[in-house]
Amino acid sequence: MSRGVLKTTGRSVRLSEASMGREYVVVSINCNGVVKRRILDMGIIPGAKIRVLRTAPLGDPLEVIVSGFPISIRKSEAACIEVIER
Amino acid sequence: MGRMGLVRKTTLALMAMASFIIGLAYVGSGLASVINWLSNWFSLRYEVLPAVIPPDPWLSVVLVTIGLVLISSAYYLMRNNTLMTIATLLIGSGLAVAVMAIQVIATLASVVDVAINGELMINQLLSGLIRVDAILGYISTPLFILSSVLFRLMRKEKLLGLTLHLK
Amino acid sequence: MKLLRGEEAFVTNHDLSKDLVKIKVALVGIPNVGKSVIFNKLTGGKAWVGNWPGVTVEKKVGKLIIGKYLIEVTDLPGIYGLTPYTVDEVIARNFILNESPDVVVVIANAANLERSLHLVLSILELGVKVVVALNMIDIARDEGIEVDWKALSRLLGVEVVPTIAITGYGINELVRAIIDTYKRKEVKPYVVNYGDLIEAWIGKLVKELGRCEGLKYPRRWVAIKLLEGDEHVLSTVDGLCPQIKGLVIKAREELSRELGDLETYITEARYRESLRIANLVRSYVEVGKVTITEVIDSVLTHKVLGIPLALTIMYLLFRFAFEVSTPLVDLIRLLFDEILRNYVLSLHNLPDWLTSLLADGVLSGVGAVLTFLPVIAMFFLGLSVLEDVGYLARFAFVVDKIFHKFGLPGKVAIPLIIGFGCNVPAVMSTRTIEDENDRKVSALIAPLSSCSARLPVYLAIAGAVMGNYAGAAVASMYWIGILLALIVGLIMRKLMFKGPSMGFIMELPPYLVPRPADVLAKTWERTRKFLVKAGTVILGGVVIVWLLSVTGPSGYLGPQALTNTSLLEKSWIGFLGHVIAYFTLPMGWDWRACSALLFGLVAKEIVLGSLGVLYGVSKGSLVATLAHVFTPLTGFAYMVFILLYVPCIGTLAAIKSELGLKYALLALTYQVTLAYVASLVIVGIGKLIGLG
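Read top to bottom, the protein sequences are chains A, B and C. Its first residue numbered 1301, the first sequence is counted upward by one per residue in the numbering used here. Its first residue numbered 29, the second sequence is counted upward by one per residue in the numbering used here. Its first residue numbered 8, the third sequence is counted upward by one per residue in the numbering used here.
Hints are computed from structural coordinates only; laboratory data are not their basis. Treat the hints with caution; some may be incorrect.
The calculated lysine to aspartate or glutamate pairs, modelled on EDC-like cross-linking and capped at a C-alpha distance of 16 Å, are [claimed, not checked]:
hint, chain 1, residue 1, chain 2, residue 2
1, C, K67, C, D95
2, C, K577, C, D597
3, C, K529, C, E394
4, C, K626, C, D344
5, C, K626, C, E345
6, C, K29, C, D109
7, C, K296, B, D84
8, C, K29, C, D187
9, C, K257, C, D268
10, B, K186, C, D149
11, B, K186, C, E293
12, B, K184, C, E293
13, C, K505, C, E443
14, A, K1349, A, E1323
15, B, K184, C, E345
Given the sequences, and given the hints that come with them, work out the whole structure.
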């Protein structure tokens, strides 16, 4: 099971900076501790497909879809998640 | 799209336009309510239709909000976004009906309340039922019913698009 | 076989329990899968409700009798996995490990298959007998998803029962599956293969653990948890066979070198497996139509319209609670203030003090509180509808940013809103907040939410002295309460309850038509807590306050004190009122207003009535009297003081039961200080700018 971080082809971004409506693939999770565990438990693992739906009216949190069920996640947590556009 | 689809889309367009007009009425009454409230606050004498439009700041926010949602239906129609056109139409008219229902029920409740204490105030009942949020709500009710029906039909025929939840 | 559940099961089990075979079942699932609906369908809704020992999480146990079997169902909290990080997860896994249920029913969401399966696989590792209830297949179908549950059953080696809990479809089959699984002799847990490297080390650890005396847990599970670095398991194993520690450390060192963070690797591997299984059994029979949820959310979480719409929905909730209930409020008031009171007064053979205690103490006190019952019940009714529809999650989503600025999760909005009805269930609702520190802070700031009981006092004073600005003054109480709640919450979170937050990652459930039975049950649950508070704590408090009014430093004054204010001044209430007036000299409140504050300690609802008694006027002329007692400035300061000064006894009791005595006392002291400082500042600034 390949776990290497896909080295940037220049297109890898943090989930917190992703564009609305686009589909991405998760590359790596860069934080630690409980937050990381929660992110993994939600199915946001390297290789998973994730689509960014919208941001909340005040700009934060984000609503994303992964594993078919929408999740709300703060930008500060989404910043840990490295994704690459599909 | 088929002829049925065309019929449905035209109906939707007509409803969006009606919604635009009703939306303007809501925004207008919301602003009028603010004016009335400011009038009270600063003891000015200018009031807009005080019999029908209460000086209630929270209500003004609600009226303006519903108005904006209804107006946006026409906006999305022009942007050719069928989904948002009917979504705003549904939610806007739905909330309009809800706000009207609350006003009607609250009026009835206060009349019953007064009745318990011995009096029967028919004026109170009538003035409550013709308040602006109630009247605009009566007008929005057919809009809500029609848009619900249309929504169900359009959704069945996938005229609204596909779910984003599948990947 | 006749199916007896709920009430009947409780009644009959006394006579038959000797002959029945008892099956212990645990119900587990990720949040939002319809677990409570299935629990209700299985047990008929009647459950014994209590707390898990040592924590404040609710424990529900119900029964069901079918044929010769008595099935006892324990509802475990909704969890995503079995980590040691949250109380809920620890409770769930400890129950399964220590209480040894015969069958664990894992409820899966057909429309959220991977996440559900992740939990299923985690549970299977515990080596228990499992039945999977594949719920919400109707919602899945609507999205175009079909799940081959037979294939899933073959793959996992357990019974899989498709269900639509809200209609009851599949429930009978589920019960049958539970019984069949119970009768099975052996358990062959589905094994997730973690790769050769890890599996090798698992093998070695399992062998060592075999020599561990007294280890009751399944060895493979323990080995995996040790590699993950699970603190709880580590300390348990350390206690039983400390010799294994060296091996564990070696294993983790070697594996981390090759694979990186072990916990991550293992979780990912498990998730990948659930994904693989999900993809094998799931097919998209047609591309799904856009869901109702997407349609509604496109408007309710709209960039521009989202917040105004939230305000609109709150408007509907509040009008519903406060205005629709007025006739009922009046009826109850009539009952207590007139019918019952006149009855008591007409009883001639009672001693004076008893009549006074009953009429002026109990009836007027408890009565004042109970007149709020309709308001609170309707408030909770509306709130439960919003909750079951799914809107509250969106509300938290929309306002989260504001709360984030104060270091709190958006979910805290919900206890604060509940607090607008009554603070007691608001404090209790903080249980749903996962992070321990967040939860404690929320419970402590919840009383700053202006509950419905404070409203009459605001209205009276504002009406008396604030003229045109009365409405704004009353409204400002609510906003000031929320603002201070956030500020205090920030300070507490940063200074007293330090620690990283678990973050705010939340699933947004689909919008559903709420089921009347569930909504009413929830409403009753919350209203019941208010009633219990009224019946017990307030009753006691009211009696004490009555005693303090009819006795004084000089001795017994008699019930006449309650109608004679100069006599009342000599009672303990008067004495304490003067003491408080001394401290609040700058605020310029007279001793009577200060005495009223003591009544508010018991319940905010009785402050207004007590003001009437203290000034010797009937409620009707109270407003006129107050106009002479307060100035706009001192009146406003008094309102703020009432908003902040102490949680009522009921709320204090709730805080004590949720967090402990220490925190209840903390709440008491910080709020009194805050109230004092706030009203001092208001009066100070007011005098400075010449409001006087």
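Practice task
Starting from the hint list further up, note which numbers the structure goes against and sort them upward.
Solution key: 7, 15
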